[in-house]
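Please build the complete structure, drawing on both the sequences and the hints.
Our numbering numbers the first residue of the sequence shown as 33 and each following residue consecutively.
No lab work stands behind these hints: they were computed from the structure.
All residues carry an ideal CB built from backbone N, CA and C; glycine is no exception.
Please note that a few of the clues may not be correct.
[Said to hold, decoys possible] Calculated pairs, DSS-like style, for lysine-lysine (alpha carbon to alpha carbon, straight line, at most 30 Å):
| no. | residue 1 | residue 2 |
| --- | --- | --- |
| 1 | Lys36 | Lys55 |
| 2 | Lys97 | Lys46 |
| 3 | Lys46 | Lys36 |
| 4 | Lys78 | Lys55 |
| 5 | Lys36 | Lys78 |
[Unchecked claim] Computed beta-carbon distance windows for the label pairs:
| no. | residue 1 | residue 2 | range |
| --- | --- | --- | --- |
| 6 | Ser61 | Gln93 | 18 to 26 Å |
| 7 | Ile41 | Asp63 | 18 to 26 Å |
| 8 | Ser94 | Met34 | 33 to 41 Å |
| 9 | Val53 | Ile80 | 18 to 26 Å |
| 10 | Glu48 | Ala69 | 35 to 43 Å |
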Amino acid sequence: MMSKWDATIEASNKSEFEFDVHKEFHQLSGDIISRTAFGSNFSEGKRISELQAQQSVLFMQSLRKVCVPGSR
Numbered sequence: 033m034m035s036k037w038d039a040t041i042e043a044s045n046k047s048e049f050e051f052d053v054h055k056e057f058h059q060l061s062g063d064i065i066s067r068t069a070f071g072s073n074f075s076e077g078k079r080i081s082e083l084q085a086q087q088s089v090l091f092m093q094s095l096r097k098v099c100v101p102g103s104r
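This is the structure in C-alpha cells:
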C-alpha cells in the first residue's frame with residue numbers, strides 16, 4: 033500500500049500531495065476480514081465490505097434522526 037502511495041506522489045510531480053486514504057483502508061480491512069474469516073475467498077470478503085459500507089451509511093443517517101431531549 034505504501035509503495036502505491038509513493039508511486040502516486042512521485043507521478044504527481046508536486047511538492048505536496050493530498051488524497052483520501054479511506055478507500056484504501058476500507059479495502060485493506062475487507063481483505064483482512066476475508067482472509068481471516070474465509071481463508072482466501074475474496075468474494076465473501078467483498079460482500080462483507082459492501083455490507084460494511086451500507087451499514088456505515090445507515091449509521092450516519094440514523095445519527096441525523098436522533099432526538100436528544102432539550103437539544104432544540
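For each hint, the structure was consulted:
no., hint, in the structure
1, Lys36 / Lys55, "holds, 13 Å"
2, Lys97 / Lys46, "violated, 42 Å"
3, Lys46 / Lys36, "holds, 16 Å"
4, Lys78 / Lys55, "holds, 13 Å"
5, Lys36 / Lys78, "holds, 21 Å"
6, Ser61 / Gln93: 18 to 26 Å, "holds, 21 Å"
7, Ile41 / Asp63: 18 to 26 Å, "holds, 23 Å"
8, Ser94 / Met34: 33 to 41 Å, "holds, 35 Å"
9, Val53 / Ile80: 18 to 26 Å, "holds, 20 Å"
10, Glu48 / Ala69: 35 to 43 Å, "holds, 39 Å"
Comparing the model with each earlier hint shows a violation of hint 2 alone; every other hint is respected.
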